[in-house]
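Trainee: For the sequence shown, the positions run 15 to 410 when our numbering is used.
Bear in mind the hints are in silico, worked out from the structure with no lab data behind them.
Some hints here could point you the wrong way.
With a straight-line cut-off of 20 Å between C-alpha atoms, the simulated SDA-like cross-links for lysine to any residue are [as the list claims (entries may be wrong)]:
#1 Lys393 with Gly312
#2 Lys393 with Ser349
#3 Lys393 with Gly345
#4 Lys393 with Glu314
#5 Lys393 with Ser382
#6 Lys393 with Arg350
#7 Lys393 with Arg329
#8 Lys393 with Arg335
#9 Lys393 with Ser308
#10 Lys393 with Trp331
#11 Lys393 with Leu383
#12 Lys393 with Arg315
#13 Lys393 with Ala328
#14 Lys393 with Ile341
#15 Lys393 with Ala321
#16 Lys393 with Ala340
#17 Lys393 with Glu322
#18 Lys393 with Glu305
#19 Lys393 with Ala324
#20 Lys393 with Glu318
#21 Lys393 with Met334
#22 Lys393 with Phe365
Across the chosen pairs, the derived CB separations fall in these ranges [to be verified]:
#23 Val221 with Glu88: 19 to 27 Å
#24 Glu88 with Ala114: 19 to 27 Å
#25 Arg335 with Pro30: 27 to 35 Å
#26 Trp211 with Glu346: 49 to 57 Å
All C-beta atoms in this analysis are idealised placements derived from N, C-alpha and C, irrespective of residue type, glycine included.
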Amino acid sequence: MHQPPGNLRLLIDANPWEAEEIIRCYERVPRYALRYRDVARIHVGFSGVLLEQLLDPAIVDRYRHIVDIPEMLERYREADNIELIGMGYYHPIFPLIPHADWSEQLALGRMQMEQIFGRAPRGFWPPEMAFSMAMIPALVQAGYDYVVVDGVHVRPEDGISDVFRPYLACHEGVCISVVPRDRDVSNAQESGLNPRWFRDEVVWRTVGSPRPDERRLVTTWSDGENGGWFRQTHEPSGFFGHFFAPYMEQVRDGTCPIIPVRLADYLGRVTPTAHAQVQTGAWNVGSTSGEDLSQWAGSERQREAVAEVARLSARYWQIMRGSSDAIARGGEALSRARRAILEAETSCFLFWGDSWIPHLHARTRDASLALDEAEIALKSTSSVDATELDPGGFAG
15 MHQPPGNLRL
25 LIDANPWEAE
35 EIIRCYERVP
45 RYALRYRDVA
55 RIHVGFSGVL
65 LEQLLDPAIV
75 DRYRHIVDIP
85 EMLERYREAD
95 NIELIGMGYY
105 HPIFPLIPHA
115 DWSEQLALGR
125 MQMEQIFGRA
135 PRGFWPPEMA
145 FSMAMIPALV
155 QAGYDYVVVD
165 GVHVRPEDGI
175 SDVFRPYLAC
185 HEGVCISVVP
195 RDRDVSNAQE
205 SGLNPRWFRD
215 EVVWRTVGSP
225 RPDERRLVTT
235 WSDGENGGWF
245 RQTHEPSGFF
255 GHFFAPYMEQ
265 VRDGTCPIIP
275 VRLADYLGRV
285 TPTAHAQVQT
295 GAWNVGSTSG
305 EDLSQWAGSE
315 RQREAVAEVA
325 RLSARYWQIM
335 RGSSDAIARG
345 GEALSRARRA
355 ILEAETSCFL
365 FWGDSWIPHL
375 HARTRDASLA
385 LDEAEIALKS
395 TSSVDATELD
405 PGGFAG
(Lines of atoms letter the chains of each structure in order from A and count residues from 1; the text may use other names and numbers.)
(Lines give C-alpha, C1' and ligand atoms only; values in the text may rest on other atoms or scores of the structure.)
Protein backbone atom coordinates (compact mmCIF):
# COMPACT_ATOMS: atom_id res chain seq x y z
CA MET A 1 0.00 0.00 0.00
CA HIS A 2 1.58 3.26 -1.11
CA GLN A 3 0.74 6.72 -2.36
CA PRO A 4 3.39 9.32 -3.24
CA PRO A 5 3.61 12.54 -1.20
CA GLY A 6 0.43 14.60 -1.36
CA ASN A 7 -1.38 12.18 -3.65
CA LEU A 8 -4.43 11.52 -1.47
CA ARG A 9 -5.17 15.25 -1.40
CA LEU A 10 -4.54 15.58 -5.14
CA LEU A 11 -6.86 12.66 -5.92
CA ILE A 12 -9.78 13.85 -3.80
CA ASP A 13 -9.49 17.30 -5.39
CA ALA A 14 -8.97 16.25 -9.02
CA ASN A 15 -10.51 12.78 -9.33
CA PRO A 16 -12.93 12.02 -6.46
CA TRP A 17 -14.07 8.70 -7.94
CA GLU A 18 -10.53 7.33 -8.16
CA ALA A 19 -9.87 8.61 -4.64
CA GLU A 20 -12.90 6.65 -3.41
CA GLU A 21 -11.77 3.50 -5.21
CA ILE A 22 -8.35 3.70 -3.56
CA ILE A 23 -9.42 4.54 -0.01
CA ARG A 24 -11.91 1.66 -0.09
CA CYS A 25 -9.04 -0.69 -0.99
CA TYR A 26 -7.41 0.19 2.33
CA GLU A 27 -10.66 -0.22 4.26
CA ARG A 28 -11.54 -3.68 2.92
CA VAL A 29 -8.43 -5.44 4.21
CA PRO A 30 -9.09 -5.27 7.98
CA ARG A 31 -12.83 -5.75 7.47
CA TYR A 32 -12.34 -9.08 5.71
CA ALA A 33 -9.46 -10.04 8.00
CA LEU A 34 -11.70 -9.62 11.03
CA ARG A 35 -14.62 -11.40 9.33
CA TYR A 36 -12.39 -14.45 8.83
CA ARG A 37 -10.19 -13.98 11.86
CA ASP A 38 -10.08 -17.71 12.58
CA VAL A 39 -8.61 -18.70 9.19
CA ALA A 40 -7.40 -15.62 7.31
CA ARG A 41 -3.73 -14.65 7.38
CA ILE A 42 -2.90 -11.54 5.36
CA HIS A 43 0.37 -9.65 4.89
CA VAL A 44 0.11 -5.91 4.30
CA GLY A 45 2.87 -3.37 3.79
CA PHE A 46 2.46 0.39 4.14
CA SER A 47 4.86 3.09 3.06
CA GLY A 48 5.46 5.68 5.74
CA VAL A 49 4.44 8.51 3.44
CA LEU A 50 1.02 6.90 2.90
CA LEU A 51 0.51 6.53 6.65
CA GLU A 52 1.60 10.14 7.07
CA GLN A 53 -1.20 11.18 4.72
CA LEU A 54 -3.75 8.95 6.47
CA LEU A 55 -2.90 10.69 9.77
CA ASP A 56 -3.33 14.18 8.31
CA PRO A 57 -6.48 15.76 9.85
CA ALA A 58 -7.25 17.48 6.55
CA ILE A 59 -7.19 14.13 4.71
CA VAL A 60 -9.28 12.49 7.43
CA ASP A 61 -11.86 15.24 7.02
CA ARG A 62 -11.88 15.17 3.20
CA TYR A 63 -12.45 11.39 3.09
CA ARG A 64 -14.85 11.20 6.04
CA HIS A 65 -17.91 10.81 3.79
CA ILE A 66 -16.34 7.66 2.31
CA VAL A 67 -14.32 6.04 5.10
CA ASP A 68 -13.65 6.81 8.76
CA ILE A 69 -9.86 6.68 8.48
CA PRO A 70 -9.03 6.64 12.24
CA GLU A 71 -11.49 3.77 12.72
CA MET A 72 -9.95 1.97 9.74
CA LEU A 73 -6.45 2.26 11.22
CA GLU A 74 -7.75 1.00 14.55
CA ARG A 75 -9.15 -2.07 12.77
CA TYR A 76 -5.70 -2.80 11.36
CA ARG A 77 -4.37 -2.55 14.89
CA GLU A 78 -7.08 -4.91 16.16
CA ALA A 79 -6.69 -7.51 13.39
CA ASP A 80 -3.74 -9.51 14.69
CA ASN A 81 -4.14 -11.95 11.81
CA ILE A 82 -2.79 -9.19 9.56
CA GLU A 83 0.98 -9.45 9.55
CA LEU A 84 2.31 -5.97 8.90
CA ILE A 85 5.27 -5.75 6.56
CA GLY A 86 7.81 -2.93 6.57
CA MET A 87 8.76 -0.74 3.63
CA GLY A 88 10.97 2.29 3.25
CA TYR A 89 9.34 5.46 4.55
CA TYR A 90 9.25 7.18 1.15
CA HIS A 91 9.01 3.95 -0.90
CA PRO A 92 12.46 4.27 -2.50
CA ILE A 93 14.14 1.96 -4.98
CA PHE A 94 16.79 0.96 -2.46
CA PRO A 95 19.46 -0.20 -4.93
CA LEU A 96 19.26 3.22 -6.65
CA ILE A 97 19.51 5.49 -3.59
CA PRO A 98 22.67 6.20 -1.56
CA HIS A 99 23.49 3.49 0.97
CA ALA A 100 23.91 6.24 3.57
CA ASP A 101 20.16 6.90 3.35
CA TRP A 102 19.04 3.30 3.78
CA SER A 103 19.02 3.20 7.58
CA GLU A 104 16.86 6.31 7.90
CA GLN A 105 14.33 5.15 5.30
CA LEU A 106 14.10 1.81 7.10
CA ALA A 107 14.01 3.11 10.66
CA LEU A 108 11.47 5.86 10.03
CA GLY A 109 9.09 3.52 8.22
CA ARG A 110 9.31 0.79 10.85
CA MET A 111 8.96 3.20 13.76
CA GLN A 112 5.84 4.79 12.29
CA MET A 113 4.15 1.43 11.76
CA GLU A 114 4.84 0.47 15.36
CA GLN A 115 3.47 3.78 16.65
CA ILE A 116 0.26 3.51 14.61
CA PHE A 117 -0.48 -0.20 14.85
CA GLY A 118 1.14 -1.14 18.15
CA ARG A 119 3.44 -3.76 16.66
CA ALA A 120 6.64 -3.57 14.68
CA PRO A 121 6.91 -5.44 11.38
CA ARG A 122 9.24 -8.43 11.35
CA GLY A 123 9.29 -8.83 7.58
CA PHE A 124 10.27 -6.42 4.85
CA TRP A 125 8.84 -5.93 1.39
CA PRO A 126 11.25 -3.92 -0.79
CA PRO A 127 9.35 -1.24 -2.72
CA GLU A 128 8.76 -2.51 -6.27
CA MET A 129 10.55 -5.67 -5.02
CA ALA A 130 13.81 -3.89 -5.91
CA PHE A 131 16.40 -5.78 -3.89
CA SER A 132 20.15 -6.25 -3.73
CA MET A 133 22.23 -8.41 -1.41
CA ALA A 134 23.94 -5.28 -0.07
CA MET A 135 20.67 -4.38 1.69
CA ILE A 136 20.88 -7.35 4.07
CA PRO A 137 23.02 -5.79 6.86
CA ALA A 138 20.85 -2.65 6.89
CA LEU A 139 17.65 -4.72 7.07
CA VAL A 140 18.94 -6.81 9.95
CA GLN A 141 20.21 -3.73 11.79
CA ALA A 142 16.75 -2.16 11.37
CA GLY A 143 15.20 -5.17 13.12
CA TYR A 144 13.89 -7.25 10.23
CA ASP A 145 13.92 -11.06 10.35
CA TYR A 146 12.98 -11.78 6.75
CA VAL A 147 12.59 -10.16 3.34
CA VAL A 148 10.26 -11.07 0.46
CA VAL A 149 11.95 -11.08 -2.95
CA ASP A 150 10.78 -11.95 -6.45
CA GLY A 151 11.44 -15.65 -6.88
CA VAL A 152 12.92 -15.30 -10.37
CA HIS A 153 15.97 -13.60 -8.84
CA VAL A 154 16.74 -16.30 -6.25
CA ARG A 155 19.79 -18.42 -7.04
CA PRO A 156 20.00 -21.39 -4.59
CA GLU A 157 23.51 -22.61 -3.85
CA ASP A 158 22.52 -26.17 -4.80
CA GLY A 159 21.54 -24.93 -8.27
CA ILE A 160 17.95 -26.22 -8.02
CA SER A 161 15.39 -23.47 -8.56
CA ASP A 162 12.62 -23.90 -5.99
CA VAL A 163 10.43 -20.91 -5.08
CA PHE A 164 8.36 -22.93 -2.59
CA ARG A 165 10.86 -22.86 0.26
CA PRO A 166 12.56 -20.08 2.25
CA TYR A 167 16.31 -19.53 2.11
CA LEU A 168 19.12 -17.86 4.00
CA ALA A 169 20.93 -15.08 2.18
CA CYS A 170 24.12 -13.61 3.64
CA HIS A 171 26.17 -10.52 2.89
CA GLU A 172 29.32 -9.43 4.71
CA GLY A 173 28.70 -12.02 7.41
CA VAL A 174 25.10 -10.95 8.09
CA CYS A 175 22.23 -13.29 7.17
CA ILE A 176 18.48 -12.89 6.72
CA SER A 177 15.64 -15.24 5.79
CA VAL A 178 14.51 -14.80 2.19
CA VAL A 179 10.98 -15.68 1.06
CA PRO A 180 10.62 -16.09 -2.72
CA ARG A 181 7.47 -14.70 -4.32
CA ASP A 182 5.79 -16.88 -6.94
CA ARG A 183 5.60 -14.50 -9.88
CA ASP A 184 3.05 -16.44 -11.95
CA VAL A 185 0.43 -16.90 -9.23
CA SER A 186 1.05 -13.32 -8.07
CA ASN A 187 0.25 -12.10 -11.58
CA ALA A 188 -3.07 -13.92 -11.37
CA GLN A 189 -3.75 -12.44 -7.93
CA GLU A 190 -3.16 -8.99 -9.38
CA SER A 191 -5.45 -9.40 -12.39
CA GLY A 192 -8.20 -11.80 -11.29
CA LEU A 193 -8.68 -15.39 -10.14
CA ASN A 194 -11.16 -17.67 -8.41
CA PRO A 195 -10.64 -20.22 -5.60
CA ARG A 196 -10.88 -23.27 -7.85
CA TRP A 197 -8.27 -22.00 -10.30
CA PHE A 198 -6.03 -21.01 -7.40
CA ARG A 199 -6.31 -24.43 -5.76
CA ASP A 200 -5.73 -26.35 -8.99
CA GLU A 201 -2.81 -24.13 -10.06
CA VAL A 202 -1.04 -24.24 -6.71
CA VAL A 203 -1.49 -28.01 -6.34
CA TRP A 204 -0.22 -28.57 -9.89
CA ARG A 205 2.79 -26.29 -9.39
CA THR A 206 3.80 -27.74 -6.02
CA VAL A 207 3.36 -31.37 -7.09
CA GLY A 208 5.65 -30.66 -10.02
CA SER A 209 8.17 -28.74 -7.91
CA PRO A 210 11.67 -30.10 -7.13
CA ARG A 211 10.70 -31.20 -3.60
CA PRO A 212 6.99 -32.18 -3.71
CA ASP A 213 7.21 -34.24 -0.49
CA GLU A 214 8.58 -31.37 1.61
CA ARG A 215 6.63 -28.50 3.13
CA ARG A 216 5.64 -26.10 0.36
CA LEU A 217 5.36 -22.36 1.04
CA VAL A 218 3.49 -20.52 -1.71
CA THR A 219 3.91 -16.76 -1.48
CA THR A 220 1.85 -14.40 -3.63
CA TRP A 221 2.19 -10.64 -3.58
CA SER A 222 0.72 -7.75 -5.53
CA ASP A 223 -0.25 -4.11 -5.20
CA GLY A 224 -3.28 -3.76 -2.97
CA GLU A 225 -4.79 -0.62 -4.47
CA ASN A 226 -3.87 -0.66 -8.17
CA GLY A 227 -5.83 -2.19 -11.03
CA GLY A 228 -9.54 -2.66 -11.58
CA TRP A 229 -9.61 -6.03 -9.78
CA PHE A 230 -8.65 -4.56 -6.41
CA ARG A 231 -10.36 -1.21 -6.99
CA GLN A 232 -13.67 -2.85 -7.99
CA THR A 233 -16.32 -1.12 -5.86
CA HIS A 234 -18.83 -3.93 -6.50
CA GLU A 235 -17.23 -6.22 -3.94
CA PRO A 236 -18.66 -9.54 -5.24
CA SER A 237 -16.76 -8.86 -8.49
CA GLY A 238 -13.41 -7.91 -6.93
CA PHE A 239 -10.55 -9.64 -5.13
CA PHE A 240 -12.15 -9.89 -1.70
CA GLY A 241 -15.69 -10.82 -2.73
CA HIS A 242 -14.97 -13.05 -5.74
CA PHE A 243 -11.81 -14.79 -4.50
CA PHE A 244 -10.85 -14.14 -0.89
CA ALA A 245 -14.18 -14.68 0.89
CA PRO A 246 -15.06 -17.97 -0.86
CA TYR A 247 -11.47 -19.16 -0.41
CA MET A 248 -11.69 -18.50 3.33
CA GLU A 249 -15.04 -20.34 3.48
CA GLN A 250 -13.36 -23.36 1.90
CA VAL A 251 -10.52 -23.20 4.42
CA ARG A 252 -13.08 -23.03 7.21
CA ASP A 253 -14.98 -26.11 6.06
CA GLY A 254 -11.79 -28.04 5.33
CA THR A 255 -12.31 -28.43 1.57
CA CYS A 256 -9.17 -26.51 0.53
CA PRO A 257 -5.72 -28.00 1.20
CA ILE A 258 -3.97 -24.61 0.92
CA ILE A 259 -3.85 -23.13 4.42
CA PRO A 260 -2.97 -19.44 4.99
CA VAL A 261 -0.03 -18.80 7.32
CA ARG A 262 1.73 -15.84 8.84
CA LEU A 263 5.26 -15.75 7.49
CA ALA A 264 6.79 -14.87 10.86
CA ASP A 265 5.10 -17.90 12.45
CA TYR A 266 6.03 -20.21 9.57
CA LEU A 267 9.68 -19.17 9.62
CA GLY A 268 9.69 -19.71 13.38
CA ARG A 269 8.64 -23.32 12.81
CA VAL A 270 10.56 -24.01 9.61
CA THR A 271 13.92 -22.31 10.00
CA PRO A 272 15.61 -21.89 6.61
CA THR A 273 18.86 -23.81 6.24
CA ALA A 274 19.41 -23.74 2.48
CA HIS A 275 21.51 -20.81 1.28
CA ALA A 276 20.89 -18.68 -1.79
CA GLN A 277 22.12 -15.59 -3.56
CA VAL A 278 19.59 -13.05 -4.80
CA GLN A 279 20.29 -11.32 -8.10
CA THR A 280 19.73 -7.55 -8.05
CA GLY A 281 16.39 -6.82 -9.70
CA ALA A 282 12.74 -5.96 -9.18
CA TRP A 283 9.35 -7.36 -10.06
CA ASN A 284 7.83 -7.28 -13.53
CA VAL A 285 6.05 -3.97 -14.08
CA GLY A 286 5.01 -2.08 -17.18
CA SER A 287 6.89 -3.50 -20.14
CA THR A 288 9.93 -4.58 -18.10
CA SER A 289 10.79 -8.04 -16.81
CA GLY A 290 12.36 -6.84 -13.57
CA GLU A 291 15.69 -8.40 -14.54
CA ASP A 292 17.20 -4.94 -14.12
CA LEU A 293 16.07 -1.56 -12.78
CA SER A 294 15.41 0.02 -16.19
CA GLN A 295 11.82 0.93 -15.27
CA TRP A 296 13.28 3.53 -12.89
CA ALA A 297 16.68 4.24 -14.44
CA GLY A 298 16.38 3.33 -18.10
CA SER A 299 16.41 6.82 -19.61
CA GLU A 300 19.11 9.46 -19.47
CA ARG A 301 16.83 11.85 -17.56
CA GLN A 302 16.04 9.16 -15.00
CA ARG A 303 19.72 8.42 -14.48
CA GLU A 304 20.50 12.13 -14.17
CA ALA A 305 17.77 12.48 -11.56
CA VAL A 306 19.16 9.53 -9.58
CA ALA A 307 22.64 11.10 -9.74
CA GLU A 308 21.32 14.47 -8.56
CA VAL A 309 19.70 12.91 -5.50
CA ALA A 310 22.98 11.12 -4.76
CA ARG A 311 24.94 14.40 -5.00
CA LEU A 312 22.58 16.17 -2.62
CA SER A 313 22.67 13.27 -0.18
CA ALA A 314 26.48 13.30 -0.23
CA ARG A 315 26.45 17.04 0.36
CA TYR A 316 24.12 16.61 3.35
CA TRP A 317 26.30 13.93 4.90
CA GLN A 318 29.43 16.03 4.33
CA ILE A 319 27.81 18.83 6.32
CA MET A 320 26.84 16.38 9.07
CA ARG A 321 30.37 14.97 9.29
CA GLY A 322 31.91 18.43 9.30
CA SER A 323 30.34 19.54 12.56
CA SER A 324 29.35 17.60 15.67
CA ASP A 325 26.46 20.00 16.28
CA ALA A 326 25.43 20.53 12.65
CA ILE A 327 21.75 19.89 13.36
CA ALA A 328 21.62 22.47 16.13
CA ARG A 329 23.56 25.06 14.15
CA GLY A 330 22.07 24.30 10.74
CA GLY A 331 18.66 24.66 12.25
CA GLU A 332 15.39 24.15 10.45
CA ALA A 333 17.05 24.49 7.04
CA LEU A 334 19.07 21.31 7.52
CA SER A 335 15.98 19.38 8.61
CA ARG A 336 14.10 20.74 5.60
CA ALA A 337 16.90 19.64 3.29
CA ARG A 338 16.93 16.17 4.79
CA ARG A 339 13.21 15.67 4.31
CA ALA A 340 13.37 16.94 0.71
CA ILE A 341 16.21 14.53 -0.13
CA LEU A 342 14.44 11.51 1.34
CA GLU A 343 11.18 12.54 -0.33
CA ALA A 344 12.97 12.88 -3.68
CA GLU A 345 13.85 9.19 -3.38
CA THR A 346 10.17 8.23 -3.83
CA SER A 347 9.99 5.54 -6.52
CA CYS A 348 6.92 7.05 -8.23
CA PHE A 349 8.91 10.05 -9.42
CA LEU A 350 11.00 7.67 -11.54
CA PHE A 351 8.44 4.99 -12.40
CA TRP A 352 6.52 6.92 -15.05
CA GLY A 353 9.48 7.43 -17.36
CA ASP A 354 10.34 11.12 -17.65
CA SER A 355 6.84 12.45 -17.00
CA TRP A 356 7.04 12.56 -13.18
CA ILE A 357 10.67 13.66 -12.94
CA PRO A 358 9.58 17.31 -12.45
CA HIS A 359 8.14 16.19 -9.08
CA LEU A 360 11.59 14.86 -8.17
CA HIS A 361 13.30 18.05 -9.36
CA ALA A 362 10.96 20.14 -7.21
CA ARG A 363 12.31 18.28 -4.18
CA THR A 364 15.95 18.46 -5.25
CA ARG A 365 15.63 22.23 -5.82
CA ASP A 366 14.17 22.64 -2.34
CA ALA A 367 16.92 20.47 -0.90
CA SER A 368 19.68 22.41 -2.65
CA LEU A 369 18.35 25.76 -1.46
CA ALA A 370 17.92 24.47 2.07
CA LEU A 371 21.49 23.12 2.09
CA ASP A 372 22.73 26.53 0.90
CA GLU A 373 20.85 28.12 3.79
CA ALA A 374 22.22 25.60 6.29
CA GLU A 375 25.80 26.12 5.09
CA ILE A 376 25.44 29.90 5.49
CA ALA A 377 24.10 29.40 9.01
CA LEU A 378 26.97 27.08 9.89
CA LYS A 379 29.58 29.51 8.55
CA SER A 380 27.90 32.37 10.39
CA THR A 381 27.93 30.59 13.74
CA SER A 382 31.55 29.49 13.17
CA SER A 383 32.51 33.12 12.61
CA VAL A 384 30.70 34.21 15.76
CA ASP A 385 32.41 31.46 17.75
CA ALA A 386 35.83 32.55 16.45
CA THR A 387 35.33 36.19 17.41
CA GLU A 388 34.04 35.36 20.88
CA LEU A 389 37.03 33.29 22.03
CA ASP A 390 38.26 34.41 25.43
CA PRO A 391 42.08 34.81 25.30
CA GLY A 392 42.14 34.53 29.07
CA GLY A 393 41.10 30.96 28.76
CA PHE A 394 44.46 29.89 27.35
CA ALA A 395 47.47 29.09 29.54
CA GLY A 396 50.50 31.24 28.83
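Trainee: Starting from the range 27 to 35 Å, see whether the pair Arg335 and Pro30 falls in it by beta-carbon distance.
Mentor: violated (47 Å)
Trainee: Taking only the CA atoms, is the gap from Lys393 to Ser349 under or equal to 20 Å?
Mentor: Holds: Lys393 and Ser349 sit about 17 Å apart, inside 20 Å.
Trainee: Does the alpha-carbon distance linking Lys393 and Ser308 stay inside the 20 Å limit?
Mentor: violated (41 Å)
Trainee: With the threshold set at 20 Å, check whether the alpha-carbon distance from Lys393 to Ala321 stays at or below it.
Mentor: Since the Cα atoms of Lys393 and Ala321 sit roughly 27 Å apart, the hinted pair is violated (cutoff 20 Å).
Trainee: Is Lys393 close enough to Arg329, meaning Cα to Cα at most 20 Å?
Mentor: This hinted pair holds, its Cα atoms lying about 15 Å apart.
Trainee: Take a quick look at whether Lys393 and Gly312 sit within 20 Å of each other, Cα to Cα.
Mentor: At roughly 40 Å apart (the allowed maximum being 20 Å), Gly312 and Lys393 break the hint.
Trainee: When you check the alpha-carbon spacing of Lys393 and Ala324, does it fall within 20 Å?
Mentor: violated (24 Å)
Trainee: Lys393 and Ala328 were given as a pair; does the straight-line alpha-carbon distance stay at or below 20 Å?
Mentor: holds (19 Å)
Trainee: Is Lys393 within 20 Å of Met334, Cα to Cα?
Mentor: holds (13 Å)
Trainee: Does the hinted range 49 to 57 Å hold for Trp211 and Glu346 at CB?
Mentor: holds (56 Å)
Trainee: Would you mind confirming whether the straight-line C-alpha gap from Lys393 to Glu305 stays at or under 20 Å?
Mentor: violated (47 Å)
Trainee: Tell me if the straight-line CA distance from Lys393 to Arg315 falls inside 20 Å.
Mentor: violated (34 Å)
Checked against the numbered hints given earlier, this structure breaks hints 1, 4, 9, 12, 15, 17, 18, 19, 20, 22, 23, 24, 25; the rest are met.
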